[in-house]
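Asks: The lines below spell out each chain.
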Amino acid sequence: MTAVLEVSGLKTHFFTHAGVVKAVDGVDFTVNKGEVMGLVGESGSGKSITGFSILGLIDQPGRIVEGAIRFIGEDIAKAPEDKLKSIRGNRISMIFQDPMMTLNPVLRIDTQMMEAILAHEPVPRKEAWERCRDALGLVGIPSPEERLRAYPHQLSGGMRQRVSIATAFLNKPDLIIADEPTTALDVTIQAQIIFEAQKLTRQTGTAMIWITHDLAVVAGLADRISVMYAGRIVEQGLTDDVIDRPLHPYTVGLLGSVPTANNRGERLFQIEGMTPNMLALPEGCAFSPRCGSASGACRTPPPIEHVADRELRCYHPRSQAAAQ
Amino acid sequence: MTVFVIRRLMQAFLVVFLMSVIVFFGVNIVGDPIYMLVSPDADQADIEAAIRRLGLDRPIWEQYFLFLKGAVQGNLGDSFVFGQPALKLILHHMPATLELAFSALFLAIVFGIPLGLFSGLYPDNPVSKGIMAGSILGFSLPTFWVGLMLILLFAVELGWLPSTGRGDTASVFGIQTSLATWDGIRHIFLPALNLSLLKISLAIRLTRAGVREAMGQDYVKYARAKGVSTKRIIFVHVMKNIMIPVVTVMGLEFGSLIGFSVVTETIFAWPGMGKLLIDAILQLDRPVVVAYLMIMVLFFVLINLMVDILYSILDPRVRLQDQGA
Amino acid sequence: MTDTAMQSASTAPVKIETPFQRFRAEYFESRIAATAFFIFVAIVLLAILAPWITPQNPYDLAQVDVLDGRLPPGSEAFAGYTMWLGSDGAGRDLYSAILYGLRISISVGLASGVIALFIGMTVGLIAAYLGGRTEAVIMRVVDLQLSFPAALVALMLVAALGKGVDKIILALVVAQWAYYARTVRATALVERGKEYVEAAQCLGLSRMRVVFRHILPNCMAPLIVVGTVQTAHAVSLEATLSFLGVGLPQTEPSLGVLIANGFEYMLSGRYWISVFPGIALLLTVASINLVGDQLRDVLNPRMKK
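Heads up: the sequence lines are chains C, U and D, in that order. Residue 1 is where the first sequence starts when you use the working numbering, and the numbers rise one by one after that. Residue 1001 is where the second sequence starts when you use the working numbering, and the numbers rise one by one after that. Residue 2001 is where the third sequence starts when you use the working numbering, and the numbers rise one by one after that.
Hints in this document: simulated from the structure, not taken from any laboratory. Keep in mind that a hint or two might mislead.
Interface residues of chain C toward chain U, partial, derived using beta-carbon atoms under 10 Å [said to hold, decoys possible]:
{"no.": "1", "residue": "Ser93"}
{"no.": "2", "residue": "Thr102"}
{"no.": "3", "residue": "Ala119"}
{"no.": "4", "residue": "Val123"}
FRET-style restraints, in silico, Cβ to Cβ [to be verified]:
{"no.": "5", "chain 1": "D", "residue 1": "Arg2209", "chain 2": "C", "residue 2": "Pro303", "range": "52 to 62 Å"}
{"no.": "6", "chain 1": "D", "residue 1": "Val2044", "chain 2": "C", "residue 2": "Glu42", "range": "34 to 44 Å"}
{"no.": "7", "chain 1": "D", "residue 1": "Arg2022", "chain 2": "C", "residue 2": "Ile304", "range": "54 to 64 Å"}
{"no.": "8", "chain 1": "U", "residue 1": "Ala1209", "chain 2": "D", "residue 2": "Val2044", "range": "29 to 39 Å"}
{"no.": "9", "chain 1": "C", "residue 1": "Pro61", "chain 2": "U", "residue 2": "Leu1179", "range": "40 to 50 Å"}
{"no.": "10", "chain 1": "C", "residue 1": "Gln270", "chain 2": "D", "residue 2": "Arg2209", "range": "28 to 38 Å"}
{"no.": "11", "chain 1": "C", "residue 1": "Phe269", "chain 2": "D", "residue 2": "Glu2026", "range": "57 to 67 Å"}
{"no.": "12", "chain 1": "U", "residue 1": "Gly1159", "chain 2": "D", "residue 2": "Ser2107", "range": "32 to 42 Å"}
{"no.": "13", "chain 1": "C", "residue 1": "Glu145", "chain 2": "U", "residue 2": "Val1072", "range": "44 to 54 Å"}
In this text, a Cβ means the ideal position worked out from N, Cα and C, and glycines have one as well.
If we strip away everything but chain C, and leave its shape as in the complex, we get (with noise of 0.2 Å):
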């Protein structure tokens, strides 16, 4: 398999009034040709951060101070604005949270959708029209004539969902980022609007980073999941096995707070304390305070340590039979 993104040690901080916020605070990953990863964790965790971080759409106070964003072998970290430029959209584009937001409200959807392709092609406007058709089809958008011409307000909010998929995917990209694309959505549109970006990878080989705060939503998604915790990543393996034999106490929190059938009647498990304060994190480990297994060890950072073909920071990782 060959790596599309390589994240190594990727650092985002916000220099605000308050102090410096460490939204993302060294972070490796990798997603290679035609794979879906899941980026989980909760509000403030800086997992979009860390999506637009790899396009280089960090706005003042923040900047990337460190790390490398390996992009096809070509380190884009620090690449200048113009070549970011003609990767964005292109080469890797992304799927925002709110359609209701990302979709500008005074211009119509063929403007915006044709504006994606004619950025990188100097394609004449009529092939550009034919392209967004097309596209709009394959994501099961009927009559698409009569949607390009639309204005956002006239659809509804997975139908704009699914003209932002078709977007995306407009120029055959290698990656696409999707920021938490069903977050706004009914369950029922948001179970369509995943079938549609699944076929779509699998039809293209197009990778993808699919970030969310719903585990359910990429345990069915995903090829392997990554965890995320106050700016770092603290649980890195395949989906299967993180699921069913989460080792990071954060992890088997997140999946005991998942109401299923099984726990029917039961209390709900809930992660005691609050997401943590981002001007204020304790030493060492993040989770430590409203982590039950916390040690004095705890109050030094847990490096990185492979276990069972998975990446894991933490010093007292949950045994296989307590995780149930």
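Assemble chains U and D onto chain C, guided by the hints.
Replies: Structure of chains U and D alone, referenced to chain C:
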């Protein structure tokens, strides 16, 4: 779209009607109608004659009906000072005012929007801070005082531009305008600049606020994620969004330009209807004041109507909402 | 609870500030705003103290000598003091006249601002309280009035009412109340859309309570901001009307009257009679506007970084 226009038109008629009631009863109840409608140096016999001639001995509703009938026929009374129909006088002075207001609006847009765009895109740039300081000053400077200073500087001290009057006019498409002659342009420049100063500041602020808000929106980030050029993001994505509020407000401000032209015309002795109004007020020429008021009502209603329609063309959401309603 | 304790223990100790202290600190963060505030305070003090710090009472005809008329800045008056800003056509010391003029201009601006604020706020709250058709009618009237420029409304009123302090205050109030009503209504709309209002209604709380406990406090910040801007506007508007000769009479010379008096001398190069009162007017209006600007930034949570 047609339904939309028809509904707005009906609202506009209602407003004009209501305002005619307010103006009429304002004149007839707040003040002594005789005192308001007859020259102050008329004697008792004149007044008695006027009461009968004007129908003031009839019931108030009948009087209003007569006023309305006259107004619809374009008869709003005769000026005491000029002895001509008030409406005719105002219409005669209107082109000069419109020309001045349009020139000011033009200056406001030509200077205001680019400056606002720049300071919105680069808020921390020292030039932007200078622009903002200037716009606050522009808001605070009273129009009439700026007018005096412009005359003092350009007409009295430097002697570059004339300080009063309209200058030569020439006919373009049958309209007499100063903008067609060099002398006319020299005359209109200072008053137009004076009148536009407040609106330049306003345009700067509106554009800047709009740009700053739009630049933080997801759709801008999304466009960047698609690899769209900065130029296209600014001029297509951002500008199309902010032009809606800017056009609305600037359009509504056109009415305020006409209103404020009263001040500018007085200072620069510009022969428009604002100058006519002030002269009429100072000479107690009440029919002219009433006529001016009715014309202004009509004017503002028309402006609001036009802005509404323009708005619905620019913002597809408004149109749909109305169709749904 | 223990977890929250742990959480706060890990954060740095924060000094507890009262809301007013925080507000003050945020306000004075901007040097321009701080300067504007002190200039405004200084102007108000000068206006209040005018009788004690000016060499001449410009209204006392015994103290005004026509022979002193149109003297350039720095000339010596007949009575012996120096006229640092020169004198006007009637022989009044401009420095004294400006300070006395400030008294009138600021009083008229503040009085009309405060009255308009109370009327506008009351109307806005009544609209918010009653809702339904009453609200629709009130807001149509407000919109209608706001579609006419305040300057024109005030001009027409003083034209009908005549000159005088009370009349011009009335005109300014009528021209400006709608801005306050709109502000209160806008806040009420935002607040009423919030879920806690729905929750309060579900709990059976009276509409009165929602209006006075939730909507009114939320209106205070925008009202203060609109109030400062409108007061600056009122000062400027009064000056404009007086300049046009339809505002205050010659016996009550506000800054606008002083500037108008200087107009006729300006073309002959006696600039000071119009320029100095104009600068005083500009400083007053600009400082109030700058204070209002900063208040808007500090009081509006949306604008915070």
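Asks: Now look at each hint and say whether the structure bears it out.
Replies: Here is how each hint holds up against the structure:
no.	hint	verdict
1	Ser93	7 Å, holds
2	Thr102	4 Å, holds
3	Ala119	5 Å, holds
4	Val123	15 Å, violated
5	Arg2209/D / Pro303/C: 52 to 62 Å	58 Å, holds
6	Val2044/D / Glu42/C: 34 to 44 Å	53 Å, violated
7	Arg2022/D / Ile304/C: 54 to 64 Å	43 Å, violated
8	Ala1209/U / Val2044/D: 29 to 39 Å	30 Å, holds
9	Pro61/C / Leu1179/U: 40 to 50 Å	49 Å, holds
10	Gln270/C / Arg2209/D: 28 to 38 Å	36 Å, holds
11	Phe269/C / Glu2026/D: 57 to 67 Å	43 Å, violated
12	Gly1159/U / Ser2107/D: 32 to 42 Å	40 Å, holds
13	Glu145/C / Val1072/U: 44 to 54 Å	51 Å, holds
The structure does not agree with the numbered hints 4, 6, 7, 11 stated previously, though it agrees with the rest.
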